[in-house]
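**Q** As a plain string of letters, each chain reads:
Number of protein chains: 4
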Amino acid sequence: MTRVAVLGYGYWGPNVARNFSALSDCELYAVCDPDPVRLEVAKGLYPAIECRTRYQDLLDDDAVDAIAICTPVLTHYEMAKASLLAGKHVLVEKPMTSSVKTSEELVHLAAVRGLTLQVDHTFVYSAPVQAIRGMIDSGSLGDVLYIDSMRINLGLFRSEVGVLWDLAVHDVSIINHLIGQRPIWVSASGAAPYGNFENLAYITLMYPNELIAHVNVNWLSPVKLRSMVIGGSAQMVVYDDLAPSEKLKIYDKGVSIIEDDPAHKNLLVDYRVGSMTAPHLARIEPLKEMCSDYIRAITTSEPPLVDGEAGLEVVRIVAAAAESLKKAGERITLPARVS
Amino acid sequence: MTRVAVLGYGYWGPNVARNFSALSDCELYAVCDPDPVRLEVAKGLYPAIECRTRYQDLLDDDAVDAIAICTPVLTHYEMAKASLLAGKHVLVEKPMTSSVKTSEELVHLAAVRGLTLQVDHTFVYSAPVQAIRGMIDSGSLGDVLYIDSMRINLGLFRSEVGVLWDLAVHDVSIINHLIGQRPIWVSASGAAPYGNFENLAYITLMYPNELIAHVNVNWLSPVKLRSMVIGGSAQMVVYDDLAPSEKLKIYDKGVSIIEDDPAHKNLLVDYRVGSMTAPHLARIEPLKEMCSDYIRAITTSEPPLVDGEAGLEVVRIVAAAAESLKKAGERITLPARVS
Amino acid sequence: MTRVAVLGYGYWGPNVARNFSALSDCELYAVCDPDPVRLEVAKGLYPAIECRTRYQDLLDDDAVDAIAICTPVLTHYEMAKASLLAGKHVLVEKPMTSSVKTSEELVHLAAVRGLTLQVDHTFVYSAPVQAIRGMIDSGSLGDVLYIDSMRINLGLFRSEVGVLWDLAVHDVSIINHLIGQRPIWVSASGAAPYGNFENLAYITLMYPNELIAHVNVNWLSPVKLRSMVIGGSAQMVVYDDLAPSEKLKIYDKGVSIIEDDPAHKNLLVDYRVGSMTAPHLARIEPLKEMCSDYIRAITTSEPPLVDGEAGLEVVRIVAAAAESLKKAGERITLPARVS
Amino acid sequence: MTRVAVLGYGYWGPNVARNFSALSDCELYAVCDPDPVRLEVAKGLYPAIECRTRYQDLLDDDAVDAIAICTPVLTHYEMAKASLLAGKHVLVEKPMTSSVKTSEELVHLAAVRGLTLQVDHTFVYSAPVQAIRGMIDSGSLGDVLYIDSMRINLGLFRSEVGVLWDLAVHDVSIINHLIGQRPIWVSASGAAPYGNFENLAYITLMYPNELIAHVNVNWLSPVKLRSMVIGGSAQMVVYDDLAPSEKLKIYDKGVSIIEDDPAHKNLLVDYRVGSMTAPHLARIEPLKEMCSDYIRAITTSEPPLVDGEAGLEVVRIVAAAAESLKKAGERITLPARVS
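Protein chains in written order, with this note's numbering: chain G, 1 to 339; chain B, 1 to 339; chain E, 1 to 339; chain F, 1 to 339.
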C-alpha cells in the first residue's frame with residue numbers, strides 16, 4: 001500500500017488528494033500546506049490524515065512513500081529535489097520546473113536513485129488525446145501534416161508567469177505526446193498589455209518531416225476556446241475539449257495531388273470530402289488515470305505515461321519559446337534528441 | 001454616365017459585371033475575355049455590351065472611361081499599367097499586383113495622370129468591418145490591444161500562389177483598414193505539404209503601440225472558419241463572417257490592473273464581465289458598395305475607400321510576410337510611413 | 001422535347017422557370033403573369049419565350065405540353081383543373097389546393113385523362129430526406145418510434161393562409177414520405193396574436209404502430225430553426241436543414257428494456273451510447289431534381305416521386321389539422337387508406 | 001437557529017444537505033435514509049449529524065424544526081403530512097405529491113397549523129428565470145404571446161412515473177412562475193415505446209389572454225436540449241439552460257400590424273429586427289437560494305417564493321395533462337382560480 005503525501009492544498013491539491021484518497025491501492029497519508037486553515041479543510045474531509053505546515057517534516061517521515069507536489073511552479077525544483085534526495089517518489093504539477101537545467105537535474109536524480117518521477121500533464125491522460133494518439137499510431141490519419149491548437153479565454157492572470165508557462169504547457173505536452181518527437185526549432189511572439197508577463201502568445205514548432213505545429217494562447221479573449229485541429233494526409237481531426245459531447249470529430253477529408261507540373265505551373269488537386277464521425281469516448285476522469293498511473297509506476301518500477309523525460313521535453317520547448325519571445329521571435333533550434 | 005469595361009469573365013468577373021450593370025449611374029459597356037465561350041455567356045445576359053478577346057482593343061476605344069480588372073494576379077500589373085497609360089480609370093482585383101515595385105509604379109502613374117486607382121478588397125466594404133471601424137473610431141473599444149484572425153477551410157488550391165497571396169490579403173486589408181497604420185515588422189511561418197506554395201501560414205504583425213495582430217490561413221482545414229477577435233481595453237469584439245445572423249458580438253469584458261508591484265511580484269487584476277450585444281447590421285452587399293464607390297470616386301475625383309495607396313500597403317505587408325517565410329521566420333521591418 | 005409553360009412569375013416562378021430552362025430534355029416555352037413588368041423581366045432572361053397575361057391563352061396553345069403553376073394557393077384548383085381539361089400535364093406548387101374535395105377532383109381528372117399530376121413538395125427531393133428514407137427502408141434505424149419537427153422563424157406573414165397551410169405542409173410532406181402511411185388521427189392547437197390566421201401551431205399526428213409525429217410551426221420566433229429528430233429503436237437521426245454542412249447526424253444511441261416487471265413496478269433499462277456519424281450527402285439541388293422528375297414522369301408515363309395522390313395526402317392531413325384547430329384540438333380521425 | 005432534518009440521502013438529498021450545512025443561519029441536524037450505507041456516507045461528511053433509518057424518529061425529536069423531503073415522489077404525501085402533523089415545517093422535492101387531492105390536503109394542513117410548506121422547484125430560483133420574470137414584470141417584453149419549452153435527452157427512465165411527472169413539472173413550474181396565472185385548459189399527447197409510462201409527451205396550455213404555452217418533453221432524444229422561447233409583443237427571449245455562458249438572449253424583434261383589412265384579405269405587417277443582447281447574469285446557485293428561502297420563510301413566517309399553493313398549481317396542471325393523455329388529448333378545463 002503506497003502512502004502518498006500531498007504538498008500544497010490550494011487550487012489543485014484538493015483534486016489530487018481526492019483522487020489518491022479514492023484509489024484502492026494507495027493511501028492518502030498526509031497533506032502539507034503553510035496555511036493552517038487549508039489544513040483544517042483537508043482534515044475535515046479526510047480525518048485520518050497527517051497534517052503538516054512544513055514539508056520537510058514529511059520527508060523525514062518513513063511512512064511516506066510518495067510525494068505529490070501541488071505548489072506554485074517556482075517551488076517545484078526545491079521540493080522535488082529534496083523529496084528525491086529523501087528517497088521519495090515524486091509527482092509534480094505541470095510544468096516540472098521553470099528551467100531546463102533544474103528539470104534535467106531532477107530527471108538525473110530520479111534515475112540515479114531508481115525513483116519514479118512523473119509530471120501531471122493531465123490532458124495526456126484524457127480520452128480524446130488517447131484516442132487521437134491511437135489514430136496516429138494505427139496510421140488511420142495518414143501522415144500528420146500539421147497541428148493547430150488554441151487555448152484562449154479571459155483570465156486568470158498569474159502573477160509569477162505568463163501564458164507560455166501557464167497555458168502553452170498544456171498544448172505542448174499534448175502535441176509532444178501525439179507526435180512522439182522533439183521539434184527542430186521553436187519560434188514565439190506575444191504581447192503583454194497588462195503586467196510583466198505575456199498575456200497572449202503565438203508559438204510555431206517545426207517537427208521533423210516538416211510537420212508544423214502552432215499554438216495560440218491568450219488570457220485576454222472574450223470567448224473561451226480549447227480546440228485542436230490535427231491535419232493528416234488521410235483523415236483530419238478536430239478536438240474541442242469544451243464540447244459537452246462529441247469532443248472529437250474525425251473528418252474523412254483530404255487532398256491528393258493529381259498532377260504537379262512545376263514547369264507549366266500546373267497544380268491539379270483532387271478533394272476528397274467524405275463523412276464525419278464523432279466516436280464514442282470512454283468516460284474516464286483524466287486526473288484519476290494520472291493518479292492511478294503514478295501508483296502503478298511506483299509499484300511496478302515501470303515508467304509512467306508522462307515521466308520525467310516527457311516533462312523535461314515540455315520544459316525544454318516552453319523555455320525555447322520564452323527565449324524566442326525575448327529575442328524578437330528568433331528561431332531557437334533544439335538539439336537533436338539522442339535516443 | 002461612366003462606361004465600364006470588365007477584363008476577365010471567369011470566376012469573379014461575372015459578379016463585378018452584374019453589379020456595374022445594376023448601378024444606375026454607370027453603364028456596363030464591354031466585357032473582355034480570351035475565351036469566346038465566356039463572352040457568349042456575358043452577351044446572353046447583357047445583349048447590349050461590346051465583347052472583345054483582346055483587352056488592348058478596349059484601351060483604344062474612346063467610349064471606355066473605366067476598367068475593372070478581374071484576371072489572374074500575375075496579369076494585373078501589365079493590364080493596369082496599360083489602362084492607366086491609355087487614360088482609363090482602374091479598378092483591380094485583390095491583390096493589386098504581386099510585388100511592391102509594380103504596385104508603387106501603378107500608384108505613381110495614377111497620381112500623375114489624375115486617374116482613379118482602386119483595389120477590390122471587398123471585405124472592407126462589408127457591414128461588420130465598417131461597424132468595427134466605427135467602434136474603434138468612436139473609442140468604444142478603448143485601446144485596441146490585439147487582433148486575431150482565422151481564415152481556414154479545405155481548398156481551393158491555386159496553382160500560381162499560396163495562401164499568403166490568396167487568403168491572407170483579405171485579413172491584412174481588413175486589419176489595415178481597422179488600425180489605419182503600417183506595421184513595424186512582419187513575421188511568418190508556414191508549410192507546403194502539397195505543391196510548391198504554402199498551404200497554411202501563420203503571420204504575426206506588430207503595429208505601433210505594441211498592438212499585435214495574428215493571421216492564421218489554411219487551405220487544408222477540415223472545417224471552415226472566417227473569424228476575427230478584436231481585443232480592446234474597454235470592449236472586445238468577435239466577428240464571425242460565416243454566422244447566418246449576429247456576425248458581430250460585442251463583449252463588455254475586460255481586465256484592469258489594480259496594483260502592479262513588480263518589486264513584490266504582485267499583479268492584482270480586476271475582471272469585468274458584462275453583457276454581450278450583437279448589433280443589427282445594415283443589409284448591404286459589399287461588392288455593390290465597392291462598385292458604387294468606384295463610380296463615385298471617378299465622378300467626384302475623390303479617393304475611393306480602398307485606393308491605390310491602401311492596395312499598395314497590403315502588397316507591402318504580404319510581400320514582407322512572404323519574404324519572412326523564405327527567411328526562416330525572420331522579422332521583416334517595414335519602413336515608417338511618411339505621411 | 002416537352003414544352004413547359006410557367007404560370008406565375010412572382011416569388012417562386014422564376015426559380016422553376018430557371019430550372020426548366022436549364023434542363024436539356026425540355027423547353028421553357030412560355031411564362032404567364034398578369035403583371036407585364038414581371039413578364040418583361042422573364043423576357044430579358046429568356047428572350048425566346050412566349051409571354052402571356054392570361055393563362056387561358058396558353059391552354060389553347062397546342063405547342064404547350066405541360067403546365068407549372070406557381071401562383072397563390074387559392075388559384076391552384078381553377079388553373080390546374082382547366083389545364084387538365086385542356087389536356088396539359090400539371091405541376092402545381094404546394095399545397096396542391098386548399099381543400100380535400102378539390103384535390104380529389106384533380107387526382108381523379110388526371111387519372112381519367114392519363115395526364116401527369118405532380119406537386120412541388122421540394123424538400124422531398126432533397127438529399128437529407130432521401131438519405132433518411134433510405135435508412136428507414138434499409139432498416140438501419142430499426143422501428144421508427146417518433147418524429148419531432150420544428151420550422152420556426154420571424155415572418156413572412158401570408159395574408160391568405162396561416163402557418164398550417166404555409167409551413168406545416170413542408171413537415172407533413174416530409175413525414176409522409178418517410179413513413180409511407182396515413183396517420184390515424186390528427187390534432188392541432190395554435191394561436192393568432194396577429195391577423196386572422198394562426199401565427200403558430202402545434203400538430204400531433206398518430207401513425208399506425210403508435211408512431212407519433214409532432215410538428216411545431218411558428219412565424220413569430222426570434223430564431224430560425226428547421227430541424228427534425230427521427231427516433232428509431234436502433235439509431236436516431238437529427239436533420240438540421242440550416243446547417244452549412246453535416247445536415248444529418250446519425251446517433252448510434254438507444255434504449256433496451258432489460259426487465260419490465262409491471263407487478264413490481266420495475267423497469268430496468270439499458271442505454272446504448274455509441275458514435276455519431278454525419279454522412280456525406282450528394283450535392284443536389286432539390287428543385288432541379290423536382291423539375292427533372294416532372295419531365296421524366298411525362299416522358300415515361302410513370303408517376304413522379306410526389307404525384308397527385310401524395311399531394312392529396314398532405315392536403316388531407318393539413319385540412320384535418322385545420323379542422324382540429326377550429327374544434328378545440330379535437331382529434332380528427334382519418335379514414336383508413338384503401339390500397 | 002433552525003435545525004433541519006433531511007429525509008432521503010439518495011440522488012438529490014446530498015445536494016440539499018450540503019446546502020443546508022453551508023448556510024450560516026441554520027443547522028443540518030439530521031439525515032434519514034433506510035439504507036445504512038448511505039447514512040455512513042453522510043456521517044463521513046457531517047460528523048456532527050444525527051442519523052436515522054426511520055423518519056418517524058425525527059418527527060418525535062423536538063430538536064427538529066424543519067424537514068426536507070428528498071425521497072421518491074410516491075412517498076411525499078405520507079411523509080409531508082406526518083411532518084406537518086408533528087408540527088414541523090416542510091420542504092418537499094418536486095412534484096409535491098402525485099395527486100391534486102393530496103397536495104390540497106397538505107396546503108390546507110400547513111395553513112391551519114401555521115407552518116411553512118415549500119416545494120423545491122429549483123429552476124424558479126435560477127438567475128435566468130428570475131431575469132425573465134423581471135422583464136415581464138417591467139413590461140420590457142410587451143405582452144407575452146407564447147412560451148415554447150423543450151426538455152429532451154436520452155434517459156434517465158424512472159420506473160414509477162413518466163416524463164410528465166418527471167420532466168414537465170420543471171417547465172410547468174417555470175411557466176407558471178413567469179405568467180403568474182392558471183391555464184384555462186390543458187391538452188397532452190404522448191407515446192410510450194418502452195415501459196408503462198409515457199417516454200415523450202407534448203403539452204399545450206392555454207392561459208388567459210390567449211397566451212399559449214407548449215412543452216415538449218422526451219426521454220428518447222439523441223440530443224440534449226433545455227430551451228425556452230418567450231415571444232413578447234415588444235421583445236423576445238431565448239433561454240438556453242445548457243449554454244455555458246449567455247444563457248439568455250434578448251431579441252429586439254417583433255411584428256406590427258400596419259393594416260388589417262379582412263374585407264380585402266389584406267394583412268400588412270411590419271417587421272422590426274434590431275439587436276440581440278445577452279445580459280450578464282448573477283452567478284447564483286439556485287439550490288442554495290432555494291434552501292436559503294426556506295430558512296427565511298420559517299424565520300419570518302412569510303411565504304417562500306414557491307409555497308404550497310405554487311406547488312399545488314403545478315400538480316394541478318400536470319395531473320390535468322396526465323388525464324388528457326389518457327383521454328385521447330381531450331382538453332381538460334381547469335377551474336378559474338379564486339383569488
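If you are wondering where the hints come from, they were derived from the structure by calculation, not from laboratory data.
Check the hints yourself; a few may be wrong.
[Unchecked claim] Simulated pairs of lysine to aspartate or glutamate, EDC-like, Cα-Cα distance not exceeding 20 Å:
no.	chain 1	residue 1	chain 2	residue 2
1	G	Lys101	G	Asp241
2	F	Lys247	B	Glu78
3	B	Lys224	G	Glu104
4	F	Lys43	F	Asp57
5	F	Lys43	G	Asp241
6	E	Lys288	E	Asp25
7	B	Lys327	G	Asp240
8	B	Lys224	G	Asp270
9	E	Lys224	F	Glu246
10	G	Lys224	G	Glu246
11	E	Lys81	E	Asp60
12	E	Lys81	E	Asp62
13	G	Lys288	G	Glu40
14	F	Lys224	E	Glu210
15	E	Lys326	F	Glu210
16	G	Lys327	B	Asp252
17	E	Lys224	F	Asp270
18	B	Lys224	B	Asp252
19	F	Lys224	G	Glu246
20	G	Lys101	G	Glu309
21	E	Lys224	B	Glu246
22	F	Lys326	E	Glu210
23	F	Lys224	G	Asp240
24	F	Lys224	E	Asp62
25	E	Lys247	G	Glu309
26	B	Lys224	G	Glu27
27	F	Lys101	F	Asp240
28	F	Lys224	E	Asp252
29	B	Lys101	B	Glu78
30	F	Lys288	F	Asp252
31	F	Lys247	B	Asp62
32	G	Lys224	B	Glu210
33	B	Lys247	F	Asp57
Just so it is clear, the structure is predicted and the values come from calculations on it, not from any experiment.
**Q** Compare the structure with each hint and give your call.
**A** Checked hints:
1. Of the supplied pair hints, the one linking Lys101 of chain G and Asp241 of chain G is violated, its CA atoms being roughly 33 Å apart against a limit of 20 Å.
2. Taking the CA atoms of Lys247 of chain F and Glu78 of chain B, the gap is near 56 Å; set against the 20 Å cutoff, the hint is violated.
3. For the hint pairing Lys224 of chain B with Glu104 of chain G, the CA-to-CA distance comes to about 42 Å; that exceeds 20 Å, so the pair is violated.
4. A hinted pair counts as satisfied when its Cα atoms are at most 20 Å apart, and Lys43 of chain F with Asp57 of chain F qualifies at roughly 17 Å.
5. As the CA atoms of Lys43 of chain F and Asp241 of chain G are separated by approximately 36 Å, the hinted pair breaks the 20 Å bound.
6. A C-alpha spacing of about 13 Å is found between Lys288 of chain E and Asp25 of chain E, which places the hinted pair at or below 20 Å, so the restraint holds.
7. Using a Cα cut-off of 20 Å, the hinted pair Lys327 of chain B and Asp240 of chain G is violated, with the two alpha carbons roughly 34 Å apart.
8. The suggested pairing of Lys224 of chain B with Asp270 of chain G holds, with an alpha-carbon distance near 18 Å, which does not exceed 20 Å.
9. Simply put, Lys224 of chain E and Glu246 of chain F have alpha-carbon atoms about 18 Å apart, close enough for the 20 Å limit, and the pair holds.
10. Pair hint Lys224 of chain G plus Glu246 of chain G holds up; C-alpha atoms about 17 Å apart against a cutoff of 20 Å.
11. For the hint linking Lys81 of chain E to Asp60 of chain E, the alpha-carbon distance of about 14 Å falls within 20 Å, and the restraint holds.
12. For the proposed pair Lys81 of chain E and Asp62 of chain E, the alpha carbon gap of about 17 Å is at most 20 Å, so the pair holds.
13. Between Lys288 of chain G and Glu40 of chain G, the direct Cα distance comes to roughly 24 Å. Violation of the 20 Å bound is thereby established for this hinted pair.
14. A C-alpha spacing of about 23 Å is found between Lys224 of chain F and Glu210 of chain E, which places the hinted pair above 20 Å, so the restraint is violated.
15. The suggested pairing of Lys326 of chain E with Glu210 of chain F holds, with an alpha-carbon distance near 14 Å, which does not exceed 20 Å.
16. Our distance criterion of 20 Å between C-alpha atoms is broken by Lys327 of chain G and Asp252 of chain B, whose separation comes to about 34 Å.
17. At most 20 Å may separate the alpha-carbon atoms for a hinted pair to count; Lys224 of chain E and Asp270 of chain F meet this at roughly 18 Å.
18. Between the alpha carbons of Lys224 of chain B and Asp252 of chain B the distance comes to roughly 27 Å, so the proposed pair goes past 20 Å and is violated.
19. For a cut-off of 20 Å, the pair hint linking Lys224 of chain F to Glu246 of chain G stands: about 12 Å separates their Cα positions.
20. In summary, the hint linking Lys101 of chain G to Glu309 of chain G is supported, as the alpha carbons are separated by about 13 Å, within the 20 Å threshold.
21. Of the supplied pair hints, the one linking Lys224 of chain E and Glu246 of chain B holds, its CA atoms being roughly 12 Å apart against a limit of 20 Å.
22. Distance hint between Lys326 of chain F and Glu210 of chain E is fulfilled; the C-alpha atoms sit about 14 Å from each other, no more than 20 Å.
23. Our distance criterion of 20 Å between C-alpha atoms is met by Lys224 of chain F and Asp240 of chain G, whose separation comes to about 18 Å.
24. Annotation: proposed proximity of Lys224 of chain F to Asp62 of chain E is violated, straight-line Cα distance about 58 Å (limit 20 Å).
25. Distance hint between Lys247 of chain E and Glu309 of chain G is unfulfilled; the C-alpha atoms sit about 45 Å from each other, more than 20 Å.
26. At roughly 49 Å between alpha-carbon atoms, Lys224 of chain B and Glu27 of chain G are farther apart than 20 Å, so this suggested pair is violated.
27. Of the pairs offered as hints, the one joining Lys101 of chain F and Asp240 of chain F is violated, with about 34 Å between alpha carbons and a cut-off of 20 Å exceeded.
28. As the CA atoms of Lys224 of chain F and Asp252 of chain E are separated by approximately 15 Å, the hinted pair is consistent with the 20 Å bound.
29. Between Lys101 of chain B and Glu78 of chain B, the direct Cα distance comes to roughly 13 Å. Compliance with the 20 Å bound is thereby established for this hinted pair.
30. Between Lys288 of chain F and Asp252 of chain F the CA atoms are separated by roughly 33 Å; this puts the pair beyond 20 Å, and the hint is violated.
31. In summary, the hint linking Lys247 of chain F to Asp62 of chain B is not supported, as the alpha carbons are separated by about 62 Å, beyond the 20 Å threshold.
32. Between Lys224 of chain G and Glu210 of chain B, the direct Cα distance comes to roughly 23 Å. Violation of the 20 Å bound is thereby established for this hinted pair.
33. Our distance criterion of 20 Å between C-alpha atoms is broken by Lys247 of chain B and Asp57 of chain F, whose separation comes to about 62 Å.
When each numbered hint is compared with the structure, violations occur for hints 1, 2, 3, 5, 7, 13, 14, 16, 18, 24, 25, 26, 27, 30, 31, 32 and 33.
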